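Protein sequences, first through last, are from chains W and C. Going by my numbering, the letters in the first sequence line up with residues 7 to 243, in that order. Going by my numbering, the letters in the second sequence line up with residues 2 to 310, in that order.
FYI, nobody ran anything at the bench for these hints, they're computed from the structure. Accuracy of the hints is not assured; some may be wrong.
Said to hold, decoys possible - To give an idea of the interface, some chain C residues facing chain W are shown, with a C-beta separation under 10 Å as derived from the structure:
| no. | residue |
| --- | --- |
| 1 | V49 |
| 2 | V55 |
| 3 | G74 |
| 4 | E75 |
| 5 | V77 |
| 6 | R93 |
| 7 | F102 |
| 8 | A103 |
| 9 | V106 |
| 10 | S136 |
| 11 | R150 |
As the list claims (entries may be wrong) - Incomplete in silico selection of chain C near chain W, CB under 10 Å:
| no. | residue |
| --- | --- |
| 12 | L53 |
| 13 | G54 |
| 14 | G79 |
| 15 | C81 |
| 16 | V174 |
As the structure is a computational prediction, the values presented were derived from the model and not from experiment. Backbone N, C-alpha and C fix where the C-beta goes; we use that ideal spot for every residue, glycine too.
What follows is the residue order along each chain.
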Amino acid sequence: MRDLVNVMWKEIAEFLGNQRSLRVFGVAVLIMGVLPTLTGRTTAVGDVAALRMAIEALYVLFAAAIVVANTAPDLVLHERVGRTLEYLIATRLPDSAIFGGKVLVSAAVGYVAALVAIALQLVANAVLAGHGFSWLYLALPEGRILALGLTADLALYLAVVGTFVALRVGDQRGAYLVTILSLGVVIAPFLLGWVHIALTTAWFAHAAEVFGAVALLLGGLGVLLFRREMLVLYLQE
Amino acid sequence: MEGSAIECRGLTRSFGSRVAVSDLTFSVPTGSVFGFLGPNGAGKTTTVRLALGVLRPTGGSVQVLGLDPIAEGEKVRGQCGVVLDQVGLYERLTARQNLEFAARVARMPSSERPGRVDTALRRVELYDRRDDRVSGFSKGMRQKLGIARALMAEPRLLILDEPTSGLDPENIVMVRELLLSLAQEGGRTIFLCTHLLAEAQRICDRVAILQRGQLLAVGEPGEIAGHRGPSVRLRLARMTPGSRVALPAGAELEPMEGDEWRCKLAQEDDVEGVVAALVAAGVGVRRVTSDQLSLEEAYLRVIGGDEHA
Numbered sequence: 007m008r009d010l011v012n013v014m015w016k017e018i019a020e021f022l023g024n025q026r027s028l029r030v031f032g033v034a035v036l037i038m039g040v041l042p043t044l045t046g047r048t049t050a051v052g053d054v055a056a057l058r059m060a061i062e063a064l065y066v067l068f069a070a071a072i073v074v075a076n077t078a079p080d081l082v083l084h085e086r087v088g089r090t091l092e093y094l095i096a097t098r099l100p101d102s103a104i105f106g107g108k109v110l111v112s113a114a115v116g117y118v119a120a121l122v123a124i125a126l127q128l129v130a131n132a133v134l135a136g137h138g139f140s141w142l143y144l145a146l147p148e149g150r151i152l153a154l155g156l157t158a159d160l161a162l163y164l165a166v167v168g169t170f171v172a173l174r175v176g177d178q179r180g181a182y183l184v185t186i187l188s189l190g191v192v193i194a195p196f197l198l199g200w201v202h203i204a205l206t207t208a209w210f211a212h213a214a215e216v217f218g219a220v221a222l223l224l225g226g227l228g229v230l231l232f233r234r235e236m237l238v239l240y241l242q243e
Numbered sequence: 002m003e004g005s006a007i008e009c010r011g012l013t014r015s016f017g018s019r020v021a022v023s024d025l026t027f028s029v030p031t032g033s034v035f036g037f038l039g040p041n042g043a044g045k046t047t048t049v050r051l052a053l054g055v056l057r058p059t060g061g062s063v064q065v066l067g068l069d070p071i072a073e074g075e076k077v078r079g080q081c082g083v084v085l086d087q088v089g090l091y092e093r094l095t096a097r098q099n100l101e102f103a104a105r106v107a108r109m110p111s112s113e114r115p116g117r118v119d120t121a122l123r124r125v126e127l128y129d130r131r132d133d134r135v136s137g138f139s140k141g142m143r144q145k146l147g148i149a150r151a152l153m154a155e156p157r158l159l160i161l162d163e164p165t166s167g168l169d170p171e172n173i174v175m176v177r178e179l180l181l182s183l184a185q186e187g188g189r190t191i192f193l194c195t196h197l198l199a200e201a202q203r204i205c206d207r208v209a210i211l212q213r214g215q216l217l218a219v220g221e222p223g224e225i226a227g228h229r230g231p232s233v234r235l236r237l238a239r240m241t242p243g244s245r246v247a248l249p250a251g252a253e254l255e256p257m258e259g260d261e262w263r264c265k266l267a268q269e270d271d272v273e274g275v276v277a278a279l280v281a282a283g284v285g286v287r288r289v290t291s292d293q294l295s296l297e298e299a300y301l302r303v304i305g306g307d308e309h310a
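Could you build the full structure based on these sequences and the hints that come with them?
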């Protein structure tokens, strides 16, 4: 655990020292935080209100997805470019700490982006829309599950995928695109009609549980499969 | 295994059809300075990675500090300080943060870390730059910081892979002096991969020469360089094979190329008598140098011999 914390300390320091990542973070939360208000909220009821709520909450997921898809590959690729991977694998840090630290920090950064986007949405709605303060979708349990629960699942899923993708795809942009496209695996069942969305608390709770389990399973698989020897072969390519 | 910091027996590693190191058998005595020499692509870095347990051998075995680097890799790497060819400092972090991370990895108590970091920075004269990002450091400064990072946890085994690679002459001297002081301190084993044969001859107790993944020679620098017995090389003026010179007993002059002559001696101290005899005979003595084969010459002979084999 201590090794994991130490790797996370380093990854966070690296993230905060990376101006490009900070810019992506800032732009993502700004756009996703203010856009819902700028597109105009209208008073709606029933299913339309529920749909509106879901769409507003999706902005938060987008913020998390953009930030994680950028951060996770960067934390691997930057080490390759800077030749610090070679140093990292020569330390006594276990494989699990190296992999886990990168994944957890990427996921955490994405989740923080989501929280900041939510805060911006609340402020923007209160100040720009002139509706006074409102908890928006957070007032509803399904809104909270979507914005807080599913976002966490998504952040972890993309962090695991992005870290592994970066080991195979050598450039930042390519890794970012492949990571984002991995969302297709999650969305495909809905597009193909295999799974139907119901805008109910029970459905969202179940979806969060299932997606969370998938993300944790993927993360566990990643920890089991990741070996520092992979990084040596990766460096030699 | 006692007495050896590194023990390789038939160590082999292949990458597909390419054999990176083949059947390496050598040992690094504990407390010694061991030079690992070879051209680019010889397999030095692969051997270092095998010793650290970062790569698995495809054949043979290696033990480091009595441990198996694969089965007990964390323990092995925890007792080693490593400076790699590309140093590997985090450019987005400051000098202090880089050492702080190394201190955390080494599990230093949090109360000790600031003091140890500051001491390490002072040792390599980078204390004034402690809060500057490494991205702004010169190559020499990065090398110093890398060495400081490797030494901070007081490792039993220090592994340096081309520590002077890419440095200008001034910084090469700096690193050489640092290595010399480390070697003189004693108490730790130093495994040095280097191209600088003059330095290897000066500071290494034993050396090994590697070429195309195979060990060509291993032993003390003097053994590899080869002893001819006491002799000196002279550049002489007005000297011919017919010249009569009353040399000390046991001394014998033989011509080489141009105005170069080799003089075999009965003992080292006879060189003064030889010079005096030559001067007395009217021969001009322009230069007197050691005739022992340098490690560099021996290295080139060994490598060259392998290439012609």
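Hints numbered earlier in the text: which of these fail when held up against the supplied structure? Number 16 - this is the single hint that the structure violates.
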